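Colleague: Fit chain A to the supplied structure of chain G, relying on the hints for placement.
Below, each chain spelled out in residue letters.
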Amino acid sequence: MSVCIDNCEVIENSQVAENIYFLKTVAPNIAREVYPGQFCNILVSDYGTPLLRRPFSVAFREKNIIGFLYDIVGMGTELLSKVDVGEKISIEGPLGNGFNIDGSLEVALLLGGGIGIAPLPFLREKLQKRGINTLTFWGSKTSGKLNLSLFDNIYFATDDGSEGFQGNVVESVGNLWSSISHANLKAYACGPTPMLIAAQNFFQEKNVPLEISVESRMACGFGICQGCPIKSADSDEYKLVCKDGPVFNSKEVVL
Amino acid sequence: MSDVNLSVKIGSLELKNPVMLASGTVGYGEEISRIVDLTQVGAIITKSISLEPRKGNPPERIWETSSGMLNAIGLANIGLKRFVDEKIPFLEKINTTVICNIAASSFDEYAECVKSLKDIETIKAFEINVSCPNVKDGGLLFGNDINAVREITSLLRPITDKPLIIKLSPNTASIKDFAQAVKEEGADAVSAINTLVGTAFNIYTRKPRIKNITGGLSGPAIKPVALAKVLEISRDVDIPVIGVGGISSWEDAAEFIIAGASAVQIGTANFVNPKISEEVIEGLRSYCTAMNISDINDLVASYTL
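Chains G and A, in that order, give the protein sequences.
Per our numbering, the very first residue in the first sequence carries number 1; after that it's consecutive.
Per our numbering, the very first residue in the second sequence carries number 1001; after that it's consecutive.
Worth flagging that the hints you see were computed from the coordinates, not collected in a lab.
Treat the hints loosely; a few may be bogus.
Lysine-lysine pairs mimicking DSS-like chemistry, simulated, CA-CA at most 25 Å apart [said to hold, decoys possible]:
| # | chain 1 | residue 1 | chain 2 | residue 2 |
| --- | --- | --- | --- | --- |
| 1 | A | K1081 | G | K206 |
| 2 | G | K239 | A | K1016 |
| 3 | G | K88 | A | K1183 |
| 4 | G | K239 | A | K1081 |
| 5 | A | K1016 | A | K1275 |
| 6 | A | K1211 | G | K231 |
Computed list of chain G residues with no C-beta within reach of chain A, every gap over 12 Å [what the hints assert, rightly or not]:
| # | residue |
| --- | --- |
| 7 | S2 |
| 8 | N41 |
| 9 | L43 |
| 10 | S81 |
| 11 | K126 |
| 12 | Q128 |
| 13 | F165 |
| 14 | S172 |
| 15 | N175 |
| 16 | H182 |
| 17 | K243 |
In this text the structure is predicted, and so the values were computed from the model without any measurement.
C-beta: ideal position from N, C-alpha, C; glycine also.
Pulled out of the complex, with its shape left as it was, chain G reads as follows (with noise of 0.2 Å):
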C-alpha cells in the first residue's frame, strides 16, 4: 500500500457544532486508497511551528474528496480552523489499519464520545452500503445540535441530559440493549479512554466483538519514530497505535 503526500485544496472548512469543525478537501489519490478507520496526517503550518504534523481518522469520502471532523484542543487545530476554502495543504495518507467489516455481521453498532464520533460517519456509510444495519450512538457533555447531515439518525447520550439519554454513550446502549441485542452483532467505538474502558467492558460482558480506534500523540504516523505505544494484551510488548493501529480489536491491547 502507498501513502502519498498531496498539497489539497480546501473546499469547506466550518464550524458544524459548539467546538467541531468540518473540514473538505480535494485529494483523488488517498481518497482511492483510504477505508474507514484510516487516517491522514495534516501538516498545519508552513513555518515549522507548530513542528509536527496532526493525525486526523477520515470522517467522510466521496469520489476524490475526503472530510475530516475535529475540534480545537491546541495551536495546530487552532490553526487548522484557520485555514481558508481555496488554500491547499499538505495531507499525508491513508496511515494505519482501519475497522474490518465482517461477511457474517448484520447488526454494527457504532459508539462515539465526544470528537471520537469523527472515523464514524465513514464507517456508517461503508457498512450501510452493503446493508448493515447500523446504529450510531454519540456522547457529549451536553447538546450537541449538528448541523450537518453526516449525523442523522443518531441516539444522543449527553452527561447533562439536555439532549437524548441522560449519561454516558455505553449507558445509552445498554438503556436499549434488550431491542439491540443480535446474534451476528459487532460493536465499533472511538472517544477517550474511559469510554473505551467502558465499551470493553460492556460488550466483552455481552460477549459481543468489538473494534476501537485508539488515540495517541504522534510524530511520524508510521512507525518509524515508535512514539506511539500501546500496551499489548497478550505480550509483555508494545504495539505502535499508528502503524499497527489505530483501530484494534479491543482484546488486543490495554487501555
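Modeller: Below, chain A without anything else, positioned relative to chain G:
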C-alpha cells in the same frame, strides 16, 4: 548545466551524496521506503540495535516543543537476531548504502554486536551510539565519560575493517576532546550531535510530559547548537564529521557542510516530510551549480571566520 560531484568519502566509505537518514528516524527502512526512493539517499542508518530486544519506554514517549520535540523511546528495537533474520533481507534489496547503528549497555555487548554483524555484506559501516540519553543502563553514562568512549572505540576497532563512526553526545563540556579521543583510537568519523537532554511539565498535574521524565530534544530548535559543535570539532580535530541536528532544508545541510561536516544526517524532519531527503539532495545540487562549485567536497569547512 555542468555536472556537480556530490559523492563523498567518509574514511573508506563512499557515498553517492552526503545526505543520510539518521538513526531512529527511518526504522529499518521498510515503512519509509513506501514514501521515499531510498536509492537516492547517500545512506540510511538503521534504528539502534542491541544484543537483546528492548521493548522501549512506556508512553508518553514524545512531546512537541517549540520548533522541536522531546523523545524518550528507550531504544525500542527487535534485537540483533531478529534484525539479521527479518530486516537484513529487506535492506539487501533496497540498493542503498546501509549503516548499522549499535547501542549497548556494556562494553561486551558493543563488541558482541559488531562481531555478529561485521561479515554481513549489506552493512557498509557501523555507527556507534554512545550517547542515547534515554536509557538508564548505558547511553549517556558512556557518552559523558571520555575514557569510556575511548575504550569502546579501541575495543571495536580491531573487530572490523568497516568504517566506525562514533555518534557523540552534545551533553558534554568539550565535544572536541571526545572527537580527538576516538580519532586516536582509530574511528573513521564522528556524528555530531545526538539529542540534547530536555524535559517539559504539565503545569496542572505538575507531572512531566514524558514518562521517562527527561527526553532527547531534536528538531530545528537544536540546529544552532549542532552547528556550533560541528564547527568546534572541525576547527580542532582532523576527523570527518557527519553533521546532524535539526536539518530541515537544503540550506541547513549546506550550512553544516560549510561549518565542517563532510556529510549530513536528516532526522526529525523525516517525520514531518518523509521526502525531505530528495529535496535536500536536489537543493544542494542546484546550490553548487549556482555557486560554481563543481565538487561538494570543496564546500566542506569552507567557512571564513
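Colleague: Run every hint past the structure and note whether it holds.
Modeller: Hint-by-hint comparison with the structure:
1. A:K1081 <-> G:K206: 43 Å, violated
2. G:K239 <-> A:K1016: 36 Å, violated
3. G:K88 <-> A:K1183: Status violated; Cα separation ~49 Å.
4. G:K239 <-> A:K1081: 20 Å, holds
5. A:K1016 <-> A:K1275: Given pair A:K1016, A:K1275 holds - Cα atoms ~18 Å apart, limit 25 Å.
6. A:K1211 <-> G:K231: Distance ~14 Å between A:K1211 and G:K231 Cα, so the pair holds.
7. S2: Non-interface label on G:S2 violated, nearest chain A Cβ at 6 Å vs cutoff 12 Å.
8. N41: 9 Å, violated
9. L43: 7 Å, violated
10. S81: 18 Å, holds
11. K126: 24 Å, holds
12. Q128: Non-interface label on G:Q128 holds, nearest chain A Cβ at 31 Å vs cutoff 12 Å.
13. F165: Its Cβ never comes within 12 Å of chain A, the nearest being 31 Å, so this holds.
14. S172: 30 Å, holds
15. N175: Given a closest Cβ separation of 33 Å, the condition holds.
16. H182: 36 Å, holds
17. K243: 7 Å, violated
Figure legend: structure checked against the earlier numbered hints; hints not met, in rising order: 1, 2, 3, 7, 8, 9 and 17.
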